[in-house]
Amino acid sequence: DQQVKQNSPSLSVQEGRISILNCDYTNSMFDYFLWYKKYPAEGPTFLISISSIKDKNEDGRFTVFLNKSAKHLSLHIVPSQPGDSAVYFCAATDNYGQNFVFGPGTRLSVLP
Amino acid sequence: EAQVTQNPRYLITVTGKKLTVTCSQNMNHEYMSWYRQDPGLGLRQIYYSMNVEVTDKGDVPEGYKVSRKEKRNFPLILESPSPNQTSLYFCASSPQGAFNEKLFFGSGTQLSVL
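In order, the protein sequence lines correspond to chains W and X.
Residue numbers for the first sequence follow this note's numbering, so the first one is 1 and each next one is one higher.
Residue numbers for the second sequence follow this note's numbering, so the first one is 1001 and each next one is one higher.
In case anyone wonders, no lab produced these hints; they're calculated from the structure.
Careful, some of the hints might be misleading.
Unchecked claim - Here are a few chain W residues that face chain X, going by a calculated C-beta distance under 10 Å:
# : residue
1 : V4
2 : P44
3 : F89
What you are looking at is a predicted structure, and each value in this text was computed from that prediction instead of being measured.
Glycine included, each C-beta is placed from N, C-alpha and C at the ideal position.
The following block holds chain X by itself, in its conformation from the complex (with noise of 0.2 Å):
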């Protein structure tokens, strides 16, 4: 089955404690990206990779880190994670990126940072 897989699902952490929230899709898709989804503020784009170690900042970037070493995974690194940064997390892939190609989201990590 064609999907985007996160892990994990849930994810409680103290202030501080680096913590990395994988990501793979077996579609081949070349673009990658990782989303924040907050009340009010829709899904705001993290950082993006349009393919293997490329990769480029969203509109929100500041905390996190990633990395593209093989095509088919994109983890979301937080080094030092915040209360700011609880939020649900989405990873998402489409074939190419380019224009008229739509995303594929992953089912979500919900993160508590304490």
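One chain only, chain W, in its complex shape (with noise of 0.2 Å):
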């Protein structure tokens, strides 16, 4: 059983309006959690992060908000660009960092 989902495989947004991307997980251990970005033919790429100590994080463009009651957190981009279309996975981490599990990515496609 996936201990990290994101139940949207796929999601499409008008450049310039804003992309919400979701994810869920089911292990209350796990205290840190992190987006990460994938174009094709490259490696991931860190985006933005969060502690479980916060509720939002802040970074330009990217926001990610956190439920920790309902074990659910969301990546906010606005305004989105072309240039953000590509995988997003979401991945948490409990307290000592040894093992990362990641959801099954979303492919955001931002359209001009």
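Since each chain sits alone in its own frame, please combine them into the complex, following the hints.
Given below as structure tokens:
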């Protein structure tokens, strides 16, 4: 059973609008959450993270929200740009940071 | 340039023929790990290493071996590859693998086992 779920395999958004990518997790031991972006033929690159002691973290156009009681986090991209088109992976880890668990990914397409 | 380097990028082999995928990082990171990416399953951890001579199994270690004889290198060994090991493999590293450290990934190795 997957501990980190991304229930939307794909998402299409118009350029300039908001993109919202969702992620759910089941393991209450997870304390740190990350989002990675992956372009074709490249490795994943780190985008933004959030600790469980926070409920929001912002970095430019990217904001991650964490709802611990619901075991849910989301990534907001505002405004969306065509260069944001990629696969986005949600990941989680516990206090020890040894085992990063990734979701299956969501393919975002930003249409010009 | 700080990076994680994997070789080869593409590899086609036959069932049972031993192979090694190399991984090297130039950032003096203590933590290194291997992942495989399969459609609908995301990235699943195979093995990880917290430091030289310290390795541990991840979520899907069966059929794989690793070694960490020096800090910069973390090769992935398939002693007897099988078709179900056809996948996209990523090596990753982080400074200490501790809380709040992010992973840096290599560009990937696409392996096909016939």
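Now for the hints, and whether the structure bears them out:
1. V4: holds, 7 Å
2. P44: holds, 5 Å
3. F89: Since the shortest Cβ distance to chain X is 6 Å, the answer is holds.
When each numbered hint is compared with the structure, no violation occurs for any of them.
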